[in-house]
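Going line by line, the protein sequences match chains A and B.
Heads up: the first sequence begins at 1 in this note's numbering, then just goes up one per residue.
Heads up: the second sequence begins at 240 in this note's numbering, then just goes up one per residue.
Since the hints were derived computationally from the structure, they do not count as laboratory data.
Positions of the beta carbon are idealized from the N, C-alpha and C atoms, including for glycine.
Think about it this way: if two alpha-carbon atoms lie no more than 25 Å apart in a straight line, the pair counts; the simulated BS3-like pairs of lysine-lysine are:
| id | chain 1 | residue 1 | chain 2 | residue 2 |
| --- | --- | --- | --- | --- |
| 1 | B | K310 | A | K71 |
| 2 | A | K163 | A | K71 |
| 3 | B | K459 | B | K402 |
| 4 | B | K310 | A | K163 |
| 5 | B | K459 | B | K435 |
| 6 | A | K163 | A | K196 |
| 7 | A | K71 | B | K402 |
| 8 | B | K475 | B | K362 |
| 9 | A | K220 | A | K163 |
What the simulated footprint calls covered on chain A by chain B, stretch by stretch (three residues with Cβ under 8 Å from a Cβ of chain B suffice, anywhere in the stretch; the number is not a length):
| id | segment |
| --- | --- |
| 10 | 144-151 |
| 11 | 173-186 |
Simulated restraints, written as ranges between beta carbons of each label pair:
| id | chain 1 | residue 1 | chain 2 | residue 2 | range |
| --- | --- | --- | --- | --- | --- |
| 12 | B | A357 | A | R82 | 41 to 49 Å |
| 13 | B | D447 | A | G57 | 55 to 63 Å |
| 14 | A | P212 | B | N383 | 39 to 47 Å |
| 15 | B | N383 | A | D108 | 28 to 36 Å |
| 16 | B | R381 | A | A115 | 14 to 22 Å |
| 17 | B | G477 | A | H147 | 23 to 31 Å |
| 18 | A | D108 | B | A354 | 25 to 33 Å |
| 19 | A | G65 | B | F308 | 20 to 28 Å |
There are 2 protein chains.
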Amino acid sequence: MLTETRAKTGALFFDVFGTLVDWRSGIAREAEALLRPQGHALDWLAFADAWRGEYQGGMEEVRSGRIPFSKLDVLHRRNLQRILPRFGLDGLSEDALRELNLAWHRLDAWSEVPAALARLRGKFLLAPVSNGNISLMVDLARRNAIHWDAILGAEVAGDYKPKPAVYLAACAAFDLAPAACMMVAAHSYDLRAAEKCGLRTAHVARADESGPGTGERAPKGPVDVAASDLIDLAVKLGV
Amino acid sequence: MLTETRAKTGALFFDVFGTLVDWRSGIAREAEALLRPQGHALDWLAFADAWRGEYQGGMEEVRSGRIPFSKLDVLHRRNLQRILPRFGLDGLSEDALRELNLAWHRLDAWSEVPAALARLRGKFLLAPVSNGNISLMVDLARRNAIHWDAILGAEVAGDYKPKPAVYLAACAAFDLAPAACMMVAAHSYDLRAAEKCGLRTAHVARADESGPGTGERAPKGPVDVAASDLIDLAVKLGV
Numbered sequence: 001m002l003t004e005t006r007a008k009t010g011a012l013f014f015d016v017f018g019t020l021v022d023w024r025s026g027i028a029r030e031a032e033a034l035l036r037p038q039g040h041a042l043d044w045l046a047f048a049d050a051w052r053g054e055y056q057g058g059m060e061e062v063r064s065g066r067i068p069f070s071k072l073d074v075l076h077r078r079n080l081q082r083i084l085p086r087f088g089l090d091g092l093s094e095d096a097l098r099e100l101n102l103a104w105h106r107l108d109a110w111s112e113v114p115a116a117l118a119r120l121r122g123k124f125l126l127a128p129v130s131n132g133n134i135s136l137m138v139d140l141a142r143r144n145a146i147h148w149d150a151i152l153g154a155e156v157a158g159d160y161k162p163k164p165a166v167y168l169a170a171c172a173a174f175d176l177a178p179a180a181c182m183m184v185a186a187h188s189y190d191l192r193a194a195e196k197c198g199l200r201t202a203h204v205a206r207a208d209e210s211g212p213g214t215g216e217r218a219p220k221g222p223v224d225v226a227a228s229d230l231i232d233l234a235v236k237l238g239v
Numbered sequence: 240m241l242t243e244t245r246a247k248t249g250a251l252f253f254d255v256f257g258t259l260v261d262w263r264s265g266i267a268r269e270a271e272a273l274l275r276p277q278g279h280a281l282d283w284l285a286f287a288d289a290w291r292g293e294y295q296g297g298m299e300e301v302r303s304g305r306i307p308f309s310k311l312d313v314l315h316r317r318n319l320q321r322i323l324p325r326f327g328l329d330g331l332s333e334d335a336l337r338e339l340n341l342a343w344h345r346l347d348a349w350s351e352v353p354a355a356l357a358r359l360r361g362k363f364l365l366a367p368v369s370n371g372n373i374s375l376m377v378d379l380a381r382r383n384a385i386h387w388d389a390i391l392g393a394e395v396a397g398d399y400k401p402k403p404a405v406y407l408a409a410c411a412a413f414d415l416a417p418a419a420c421m422m423v424a425a426h427s428y429d430l431r432a433a434e435k436c437g438l439r440t441a442h443v444a445r446a447d448e449s450g451p452g453t454g455e456r457a458p459k460g461p462v463d464v465a466a467s468d469l470i471d472l473a474v475k476l477g478v
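Could you build all of it, start to finish, from the sequences and the hints given here?
Next up, the structure:
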């Protein structure tokens, strides 16, 4: 009855980078704000793309078991070190590197997100199920006025999506069967993995995630809901 | 700089049962609401006290390593089974037992708590660092309109207070040094354990926690702040 009682509510789990927040322009903006005053001039969007380009490889080290679980802030820092030479940034101070790594904590949500999440919270439990660590999720929520019921995801599970443990740990934390939970993401690989764990799935189109026309305009496979944005998702979920 | 930047904010960690919510009258009320219609008549407050009386013993099984970590809902259920015969409740159905166990998810906050937490959130990151599991904390927060930044505590740490791992895992989740975090509790044993881990401490007097005059009117040792309630805490923290 624990499960049944809470299942009446149901939960929505959200991917964050790309799905809820615009990492590309945010990283470019933050890098420029920090580094231009230090005399650096570079293609800031290309810098953001290069940093994000190391993302999956960094997590794969953990997923494969080659290194123990490390939170995403730590992987972001390793990934940053890797791309510095490409942008002539080898000489940055330790303080600058630490500050630059916090750029991921200062990203803005896509415009409809805060209001849509507040609306969805009237009907569902809400949690990020992101690969971002807890403090990163907390800072993004504060910045964008998002009220999560809990911060779930990689750090709570001790592994990275799309490993099944991450989705299943989120359901278990809420005492909900996977079928009472829906994963919401702009990336079909994330939804496919969630679906294999028994969760319902919702795709949100973020066509310009990595620059104009680079994102998924539509899901690459079957989903329970395909939405143009989170307001459209709310409408389609009857909220 | 990660730590330093976030330390400017600082975090307040809260014990929940007794400190924020009134478990005794809540458990008595929920048990009566469920069991009286089934023909049971008993001393409901004594039932609440008996159930809570098994609390530390149940967790000690985990803390000592005799059983693997189990979330508090599971321990509450084991503890419930133990006291049923004392109250002539051996014959309860599985459904009734499951429902009764959810009484812990339906407790009311002491009256000043919601407003005081909203005020404290203007200056500090807030999280429960309770022995209660995530879903239990989520339900209590929904019921009492509490906005946590994250749910931390026993389930995230995989052990129970007063083990040091629980306090230290909470600081680590927020990327904060222990000295940038303050544990807030009505129980001196909890504060003493947090202090040993390097956290700051605040005592909140809940004189009637387990019935009139049973609670700690004052801390049993040195603390950074001794408060009469959470509004008094906010004033003393300059919020």
